[in-house]
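Heads up: the protein sequence lines correspond to chains A, L, D and E, in order.
Counted the way the working numbering counts, the first sequence spans residues 1 to 238.
Counted the way the working numbering counts, the second sequence spans residues 1 to 238.
Counted the way the working numbering counts, the third sequence spans residues 1 to 238.
Counted the way the working numbering counts, the fourth sequence spans residues 1 to 238.
Heads up, a few of these hints could be off.
Because identical chains share one entry, a pair is satisfied inside a single copy or across any pair of copies.
[Stated by the list, open to error] Straight-line C-alpha distance at most 30 Å; calculated DSS-like pairs for lysine-lysine:
1) Lys218 / Lys70
2) Lys13 / Lys147
3) Lys82 / Lys211
4) Lys204 / Lys82
5) Lys208 / Lys103
6) Lys13 / Lys123
7) Lys123 / Lys211
8) Lys147 / Lys211
9) Lys123 / Lys82
By construction, these hints were calculated from the structure, which means they are not laboratory data.
The primary structure of each chain is shown beneath.
Protein chains: 4
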Amino acid sequence: MNVVVWNENRHEKSNPAVSEIYPEGIHGVIADFLNEENVSVTTATLDEEQHGLTDEVLAETDVLVWWGHKAHEEVTEEVAEKVKQRVLDGMGLVVLHSAHFSKVFKKLMGTSCDLKWREADEKERLWVVDPTHPITEGIGEYIELEKEEMYGEHFDIPAPDELIFLSWFEGGEVFRSGATFKRGRGKIFYFRPGHETYPTYYNKEVQKVIKNGVNWVKNTSTPAPVYGNAQPLETINN
Amino acid sequence: MNVVVWNENRHEKSNPAVSEIYPEGIHGVIADFLNEENVSVTTATLDEEQHGLTDEVLAETDVLVWWGHKAHEEVTEEVAEKVKQRVLDGMGLVVLHSAHFSKVFKKLMGTSCDLKWREADEKERLWVVDPTHPITEGIGEYIELEKEEMYGEHFDIPAPDELIFLSWFEGGEVFRSGATFKRGRGKIFYFRPGHETYPTYYNKEVQKVIKNGVNWVKNTSTPAPVYGNAQPLETINN
Amino acid sequence: MNVVVWNENRHEKSNPAVSEIYPEGIHGVIADFLNEENVSVTTATLDEEQHGLTDEVLAETDVLVWWGHKAHEEVTEEVAEKVKQRVLDGMGLVVLHSAHFSKVFKKLMGTSCDLKWREADEKERLWVVDPTHPITEGIGEYIELEKEEMYGEHFDIPAPDELIFLSWFEGGEVFRSGATFKRGRGKIFYFRPGHETYPTYYNKEVQKVIKNGVNWVKNTSTPAPVYGNAQPLETINN
Amino acid sequence: MNVVVWNENRHEKSNPAVSEIYPEGIHGVIADFLNEENVSVTTATLDEEQHGLTDEVLAETDVLVWWGHKAHEEVTEEVAEKVKQRVLDGMGLVVLHSAHFSKVFKKLMGTSCDLKWREADEKERLWVVDPTHPITEGIGEYIELEKEEMYGEHFDIPAPDELIFLSWFEGGEVFRSGATFKRGRGKIFYFRPGHETYPTYYNKEVQKVIKNGVNWVKNTSTPAPVYGNAQPLETINN
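This is chain A alone, in the form it adopts within the complex:
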């Protein structure tokens, strides 16, 4: 399995508070813990040629992990369309935190993907609501994060195919913070935590969920459906 971890990698360059937590970038930390799994992991970032997502790279990627925040608009329409198309063709996609507003996720959802937010160093508790799901494997009743950004409902997404985590926030809000979607032949997992100013991606349970998510979104070897004009399989009497 080939996994590509994509990161905007801008906060890390401009905000010392972020680069102190993630000296090799958010993508670096995520690639590190995914490397513990039996997978091949590379990274790609916004400022690379074609954002590091050439046709060749995309063609060989089984699962793409996406983190973006302040520069969604700098992702070219062309690359965003290609990534969307690869998901429809079967590439798995793990969408993290502020990537709810990425071009790719919005194109795949068809909605605004808007939400409430607040940066107030508050506590988040992610409750498991689907304990049968492989993405929760090894996770207890909840994951507690001492300080995170708040995301609150209404989260403007289509009703998820599966709802896996619900977040409680100290300031009084709730959020559908783990959810799966199937689009075309691709599987998508959205996972809420991971604001750049907190060490969330060092949390072992958060890592476990992302690992589980990567495994869950990877494609099956079911043949691609055939579309278009079709000959009848039975005799038509007309």
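Following the hints, complete the assembly by docking chains L, D and E onto the known chain A.
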């Protein structure tokens, strides 16, 4: 309730076989039977200024019914985006037959919306699989259409929120031919039948389903959610 | 529309704190505000003959509202089965608060319907997560209840057909507190609030949701499906 | 992984046409092809003590495959309840063909599970409608069975969590013939084909789907949720 029936209205101009069946256009027949309900119905077509869908028209439309086929690409990106946005803002949308490939529907679904098709004058039988749904009100176990175009699976849509009709085709295929989706604050009903060379929209049961669909997709008066930065509702201890 | 409000009506007899809040019983208050709608409302309670739910009563009931808590086991198996069967035959069902553990709801869900709970006079905030749903009509972004019993995840129900409200609790839990289910030809709405020691059913927003719920679960006039041995509709070549 | 294949095993004893096709019973054939996977497979049948499903057997079973037809009522209430409870506690369940009417499946669904049927040696074609699903792995666009019993809609089940196959029948009906459900901590896969008078379980694609199904329903190692009275995780100000 203000309903606008939008039609491409091209087959009617170029194909005598179509204009014979629908001398006032497909939109004319649909508007006629919707007029039997206690609603205000107008029509709009592709070749009108802004396709008949100005900001003023859209702002006052509660439900938009959409039929298109051969000229999807001639709908401007601008109008398609505005219509999508109005759906997200609460306008109901009924998507008929070949409008599965309309810009608006594809933008809202996020998938290719592709399918199998065949024009072979074959029989279609639409089975009710959700007899609790208001859209099936007054419909028996199935609707039978002696001659229709075939649409077959795989239909590349997100898993519908509700699956209402399943079609059987004489040539050996099946299709999810009645399905609902919620996107933003808007409700969407896709209904399969209605190829331009058949008198499908004169069928009383098809008319009943479309009437039911129009009623079902109309907006509620729930206030719009508030998005963006939010003050805490509870004290945060940090 | 005939609505029957069923109540266990035991706390009201044994606990002065409850009878002070609900001197005519929880059913009395619910029947009162439903009477404001254009419906016919009656009540039935556990200690009546057949719990007030004779075959005649059930046959004429369009929507049944159910509140129970400490005496679920005293509902006879026979009546519970009859009520379940009437739901499958099309009677709407609104299940309130501790009725999550009623025989009828558990039979219809097929799961334990278990949850976490706590009586600690804590704040509950019910967030709307499906603003398109008629059950949220007229409700703002959330409903706030100053003091309620806590119900927390994991709530052992099947994934709801529609998730409408999510609760935030002061003590740190979340809950899927408004959810719909279709079973057979019947529609079901579960709504969480309403512990007997709080005046929750006097809250105008809670009342509005229950009124909306009653309207939503009422049956359509779609004919009943036919089951069993069926003659072919097409020629079989074998 | 421990798999138990349960079979009523009555047609095989009373109907030579069945025993000729399945001389070692339907369970024998299913156990044989599951043995090709890296799993431990045993069988159990109705006429064994406790139907072969003692507490010890159930406790060690990861996945139960169930086939029954004419003797559903002979399964004791006690065993049916125990099996249901084991599913809620995490045992996977694959429900085949006429087991739609088994006590266990009906208890888990909460509905009548009724349907249309016909024995007319007709053709069935099962179309894949969810090509992302692991249960379709390795299966093409459809599976064709030359002769099978017909099952037709309306199929009285709750809306499935995932719809995987849709059947077309020569006689004019359609059916949701592959569907998944989660109940409690257990996963359930219903798969339609397999009437006792046809050699359906020798079909390699049918076998592949059942193998995939067994793998999909097996439990995760997510800890069991805790239910009941719960201490607050946060300070409550009242």
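Under a CA distance limit of 30 Å, which applies to Lys13 and Lys123: within one copy, between copies, both, or neither? within (27 Å within a copy, 42 Å between copies)
Regarding Lys204 and Lys82, is the shortest C-alpha distance of 30 Å or less found within a copy, between copies, in both, or in neither? The answer is neither: 32 Å in one copy and 37 Å across copies each exceed 30 Å.
How would you classify Lys13 and Lys147 at a CA-CA limit of 30 Å: within, between, both, or neither? within (22 Å within a copy, 47 Å between copies)
At 30 Å max between alpha carbons, let me know whether Lys82 reaches Lys211 within a copy, between copies, both or neither. Within. Shortest intra-copy distance 24 Å satisfies the 30 Å Cα cut-off; inter-copy 35 Å does not.
First find the shortest C-alpha distance between Lys123 and Lys82 inside one copy, then the shortest across copies, and answer within, between, both or neither for a cut-off of 30 Å. neither (37 Å within a copy, 39 Å between copies)
Same-copy or cross-copy closeness of Lys123 to Lys211 [CA-CA at most 30 Å]: Only inside one copy: Lys123 and Lys211 sit 23 Å apart there, 36 Å across copies, limit 30 Å.
Up to 30 Å between alpha-carbons, please classify Lys147 paired with Lys211: within, between, both or neither. within (22 Å within a copy, 40 Å between copies)
How do Lys218 and Lys70 come out at 30 Å by Cα distance, when the copy is not named: within, between, both, or neither? Intra 28 Å, inter 36 Å, cutoff 30 Å: intra-copy only.
Checking Lys208 and Lys103: alpha-carbon separation at most 30 Å within a copy, between copies, both or neither? within (26 Å within a copy, 38 Å between copies)
Violated hints for the displayed structure, listed by number in ascending order: 4 and 9.
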